[in-house]
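Based on the sequences and whatever the hints tell you, model everything.
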Amino acid sequence: GENVEQHPSTLSVQEGDSAVIKCTYSDSASNYFPWYKQELGKGPQLIIDIRSNVGEKKDQRIAVTLNKTAKHFSLHITETQPEDSAVYFCAASRRSGGYNKLIFGAGTRLAVHP
Amino acid sequence: SAVISQKPSRDICQRGTSLTIQCQVDSQVTMMFWYRQQPGQSLTLIATANQGSEATYESGFVIDKFPISRPNLTFSTLTVSNMSPEDSSIYLCSVGRLTPYNEQFFGPGTRLTVL
Chain A
1 GENVEQHPST LSVQEGDSAV IKCTYSDSAS NYFPWYKQEL GKGPQLIIDI RSNVGEKKDQ
61 RIAVTLNKTA KHFSLHITET QPEDSAVYFC AASRRSGGYN KLIFGAGTRL AVHP
Chain B
1 SAVISQKPSR DICQRGTSLT IQCQVDSQVT MMFWYRQQPG QSLTLIATAN QGSEATYESG
61 FVIDKFPISR PNLTFSTLTV SNMSPEDSSI YLCSVGRLTP YNEQFFGPGT RLTVL
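First to last, the protein sequences are chains A and B. Position 81, counted from 1, in the first sequence is what my numbering calls 81; the numbers after and before it change by one each time, with no gaps. Position 26, counted from 1, in the second sequence is what my numbering calls 26; the numbers after and before it change by one each time, with no gaps.
Warning: the hint list may mix true and false statements.
As the list claims (entries may be wrong) - Okay, the calculated beta carbon distance ranges per label pair:
1) A:ARG109 <-> B:SER59: 23 to 29 Å
2) B:GLU58 <-> A:ASN53: 24 to 30 Å
3) A:GLY16 <-> B:ILE63: 46 to 52 Å
4) B:SER59 <-> A:ALA29: 15 to 21 Å
5) A:SER9 <-> B:SER9: 23 to 29 Å
6) A:PRO82 <-> B:PRO100: 35 to 41 Å
Rather than coming from a laboratory, the hints here were simulated on the basis of the structure. Positions of the beta carbon are idealized from the N, C-alpha and C atoms, including for glycine.
Put into structure tokens, the structure is as follows:
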């Protein structure tokens with residue numbers, strides 16, 4: 001089955017710096033790669049996603065890149081702000097049993113220091 | 001996206017008891033899922049809640065321990081039965097959109113502590 005590895009497990013940056021989180025997946029049939037942000041005491045929030053037919057997607061300060069050949073994808077946050085501090089999860093999915101099932105990475109705890 | 005609520009938001013329970021968690025969505029959805037997030041860990045899918053039929057459980061999860069109901073397209077319950085301290089986790093419901101990629105959106109979670 002699918003396995004998703006996520007690095008680093010913790011990331012500490014100064015406000016205004018960039019942050020990069022990387023994930024690799026094992027199933028070449030995976031076709032959808034969402035990123036979730038989970039703040040303390042809250043449920044995960046979908047912040048950006050990328051489909052397998054796209055190499056890069058950007059939404060304001062957040063961008064995601066996908067390398068299908070190498071089976072890895074990355075989240076890039078520019079001009080980080082203290083409110084970006086949270087745990088970020090990547091996921092990979094493919095069609096299985098009639099729907100796309102998500103397999104999550106272990107998570108990255110991002111701390112942005114003022 | 002749909003607004004998802006869960007009840008209770010948190011609870012502290014005694015070993016051997018059961019707790020039923022409710023998930024309510026403000027619009028009709030076809031796909032609903034239940035996840036477990038153990039302390040400091042990632043999310044693991046427990047089961048898919050199917051409306052009008054039995055839930056589909058993932059490997060390692062069984063109906064006797066985690067019975068699920070899905071009486072209609074806006075509501076589901078997950079029961080954690082005969083609890084032990086190892087069941088202390090955040091339990092999350094999510095809904096999937098009817099699109100080719102079934103984007104999922106999560107509720108706020110139920111934080112369960114078992115003593």
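Among all the numbered hints in the text so far, which are the ones the structure does not match?
none
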